[in-house]
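Chemist: So you can see what is in the structure, the chains are spelled out below.
2 protein chains.
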Amino acid sequence: MSKKRVGKQTLRLQNPPCIAYSASVGGKMEADGPLAGSFDFLSADSYFGAKSWESAESAMLKKCFDLVLDKAGLTAEDIQFIFTGDLLNQCVGSEYAVRESGVPLFGLFGACATMSESLALAAMTLDGGFAETVCAMTASHYCSAERQFRLPLAYGGQRTPTAQWTATAAGALIITNAGEGPYITHVTPGKIVDAGIRDAANMGSAMAPAALETICAHLADTGRAPDYYDRIVTGDLGLVGHRILLELALGQGYDLGPVSADCGMLLFDRETQDVHAGGSGCGCSASVLVGHFLPKLKNGELKRLLFCATGALMSPTTAMQGESVLGICHAVAIENTKDPV
Amino acid sequence: MSKKRVGKQTLRLQNPPCIAYSASVGGKMEADGPLAGSFDFLSADSYFGAKSWESAESAMLKKCFDLVLDKAGLTAEDIQFIFTGDLLNQCVGSEYAVRESGVPLFGLFGACATMSESLALAAMTLDGGFAETVCAMTASHYCSAERQFRLPLAYGGQRTPTAQWTATAAGALIITNAGEGPYITHVTPGKIVDAGIRDAANMGSAMAPAALETICAHLADTGRAPDYYDRIVTGDLGLVGHRILLELALGQGYDLGPVSADCGMLLFDRETQDVHAGGSGCGCSASVLVGHFLPKLKNGELKRLLFCATGALMSPTTAMQGESVLGICHAVAIENTKDPV
Chain A
0 MSKKRVGKQT
10 LRLQNPPCIA
20 YSASVGGKME
30 ADGPLAGSFD
40 FLSADSYFGA
50 KSWESAESAM
60 LKKCFDLVLD
70 KAGLTAEDIQ
80 FIFTGDLLNQ
90 CVGSEYAVRE
100 SGVPLFGLFG
110 ACATMSESLA
120 LAAMTLDGGF
130 AETVCAMTAS
140 HYCSAERQFR
150 LPLAYGGQRT
160 PTAQWTATAA
170 GALIITNAGE
180 GPYITHVTPG
190 KIVDAGIRDA
200 ANMGSAMAPA
210 ALETICAHLA
220 DTGRAPDYYD
230 RIVTGDLGLV
240 GHRILLELAL
250 GQGYDLGPVS
260 ADCGMLLFDR
270 ETQDVHAGGS
280 GCGCSASVLV
290 GHFLPKLKNG
300 ELKRLLFCAT
310 GALMSPTTAM
320 QGESVLGICH
330 AVAIENTKDP
340 V
Chain B
0 MSKKRVGKQT
10 LRLQNPPCIA
20 YSASVGGKME
30 ADGPLAGSFD
40 FLSADSYFGA
50 KSWESAESAM
60 LKKCFDLVLD
70 KAGLTAEDIQ
80 FIFTGDLLNQ
90 CVGSEYAVRE
100 SGVPLFGLFG
110 ACATMSESLA
120 LAAMTLDGGF
130 AETVCAMTAS
140 HYCSAERQFR
150 LPLAYGGQRT
160 PTAQWTATAA
170 GALIITNAGE
180 GPYITHVTPG
190 KIVDAGIRDA
200 ANMGSAMAPA
210 ALETICAHLA
220 DTGRAPDYYD
230 RIVTGDLGLV
240 GHRILLELAL
250 GQGYDLGPVS
260 ADCGMLLFDR
270 ETQDVHAGGS
280 GCGCSASVLV
290 GHFLPKLKNG
300 ELKRLLFCAT
310 GALMSPTTAM
320 QGESVLGICH
330 AVAIENTKDP
340 V
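Top line first, the protein sequences correspond to chains A and B. Numbering-wise (the working numbering), the first sequence opens with residue 0 and increments by one. Numbering-wise (the working numbering), the second sequence opens with residue 0 and increments by one.
What the hints contain is simulated information worked out from the structure, not anything from laboratory work. Wrong hints could be hidden among the right ones.
Same chains, same names: a pair is fine if it fits in one copy or spans any two.
Using 20 angstroms as the maximum straight-line C-alpha spacing, the simulated EDC-like pairs for lysine to aspartate or glutamate come out as follows [stated by the list, open to error]:
1) 297 to 229
2) 3 to 76
3) 7 to 99
4) 7 to 76
5) 7 to 131
6) 2 to 77
7) 7 to 77
8) 3 to 77
9) 70 to 179
10) 3 to 131
11) 2 to 220
12) 295 to 229
13) 50 to 145
All of these numbers come straight from a predicted model, not from anything done at the bench.
Pulled out of the complex, with its shape left as it was, chain A reads as follows:
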C-alpha cells in the first residue's frame, strides 16, 4: 500500500502544501454579521455590478480570485490549475467567473462541501508533483440559490425553522508547494451518506451523519483524538445539524463538543439576523475558513484545525421525486507544521 495512505480513507501528504494566500468576499448580510471584519471585500450591492444574480455570483468569485492574486503579487498566468465549483446548475457561477483567466480548470461539484473537496484535490495535485501553485475557490449567492433551489425571492415564501441562509460569499486560496504555512497535512475524502432525510429544508440533518462518518474515519485512520485539534470545523451544519453531529459523535465515543465549531453558526448572528438554523452555501465555509480561521492559524492562536466542509447532494427535481437528500463531507487537516506527530 502507498505510504501516503493512512488507514482506510485518509491520505497523508508527503510534502504538505502550504496555504500561502487567501481572500474572501461577502455581501450585505455578511457585512451585518459578526465576522464582517474578517472579509477582504464586502459589497452592499447584491448584484456586484452585474445584471443578474447568477452573473453576480460569478462577478463576486472573480473579484475574490483577483483579490487573492493581488495579495499574492501573482497574475493568473502564475496559477497552474484552478479547482472550483458552486451550487448553481451546471456550476455556471464558477465557470463564468474564470472564463477569461486562461487557467486550466478542474470543475467540481461537491455542493457546500466544495471548499474542502477543492482543497483536497489541490493539495493532492501539489503533493503529487503536478504543480507548484494552484488555486482552490468557491462561492455561493443567496439570491441565485434561493430562486434555483426554493422559490422566487419576490414570492416571499416563509422559511421553516430548520432552514439555513445561503451565504453570499466567496473564498479563494492559493496553495503552493513552498511557503511558511499553514500546511495541509492530511486529506480524508468523504463517502456519500444517505440518512433518509426527505425534507430539502433540513440540510443540517442530512449532512450531520456524513460529517460524523468522515470525522470518525479521519480520527480512526490517524489515531488522533478529537482534542488533537484546536478546532474541528464543520462546513455549514447550522444549529440543527451541529447538535445532531455532537450527539451522534458521543454515541461513537467521541466528545467533539470542546473543539467543535461550525461555519454555519459563526457567519451570522442568529439573535439579530433572520437566518433560522444558520448559514449555508459553498461560500459559507469558504469565507469563514479564509477570514476567521486562517488568520488564527497564521498568528499561532490555533495550531491544528480539521476543516470539514459538508454538502447536501440533491436537486429540486430529486426532492420533488421524493428522493432523500444525500450528505457528503470531505476533511482537510491544516496544521502549523509540515511534520505533525
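Fit chain B to the known structure of chain A by using the hints.
Modeler: Frame of chain A, contents of chain B only:
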C-alpha cells in the same frame, strides 16, 4: 519546475496508470446504432427499471459500475476513490448512482468533458501515490437531458440542424497502478475557451475552439506531431464542431484529418438515425472510448490515442440571459507503453 510538468499545460505521469477494466451501457438509440455490438449491456427500457428519467440515469450508471466491478472481479470496497459527474443539475445522476457504494467520492462537473476530466484526476491520484485502484465514470440520458436543458419531450419541439442527440449511455473505467495497459501517459487539463457562441443548440461550434486549444497545447508541450497518434479522438463535437476543429487546426499548421475521430460522429448513424449533427452527452465519449477504442488499444490495432472529451459549459439560465456557451476540453494520452518517446 516539477519533472512531471511538460511545457505549459501538460503533465507527464511518472508511473503511467493502467486502464485495467472498463464497461459501457447504452439505451435503445445506441442499440440501433453502428456501435451496438460494443456495449456490455443495452437496455430497451429507457427507464432502466426506475420511475423517472433522472433515476433511470442513476440506475444506468450504477449498472455500469456494477458491470465493471464484475469484469474486474472486484467489489466496491476494493475501489479507493470514484471520480464522477454528469450533466444533471447538481450532478444527481452520478451521486445517486453511487450512494450505496461506500466509496469516497470526488464529484466533478465538466459537462460532456467529464470522462477525460475524471480520467485525468484518476491518473494523477494514482501517479501521485494516493491510491492503487480507482474508478472514473460518467453517464448521460437523452430524456433527462432533453427536458432539463431544452423542452419537455412530450412537446415534440423541432430540433435545429446543428443540434446533437444526447446519448443514453454510461462508461466506467477502473484505473490501477499495475497492469498490462493500456496506460495513461500524459494529461493536458483544459482551459475555458469562450468563442462567443450564443446558440445553445450549437454546442459543436462552442466546443471546437476548446478542443483546438487543448490539442494544440498538448502537441506543443510534448513536441509530438498529430500523426504520433493513431487517433486523436474528440468527445462529441459532432459533424458541425468536428468540421470547425479540422479547419481551425489547419490554420494552426496541424492537419488532424488523417488521425481525427469524433465520438459524436461514431455513436449513431446519421443516415438512418435522426440525430442531426451527431451524438453528445457525457455518456457519448465515455461509451465510445470504452466500447470502441479501448478494445482496439488492448488488441494492438491502435497503439496511441489522444482522448479529448469536450464540454459545453452553460445552463438554461445563462443561455436565457444571453451568455455565450463556454467550451472546455481535457486531453488524456492513452498508449500501449509506459515509456513512450
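Chemist: Please list, smallest to largest, the hint numbers that this structure does not respect.
Modeler: As far as the earlier hints go, not one is violated by this structure.
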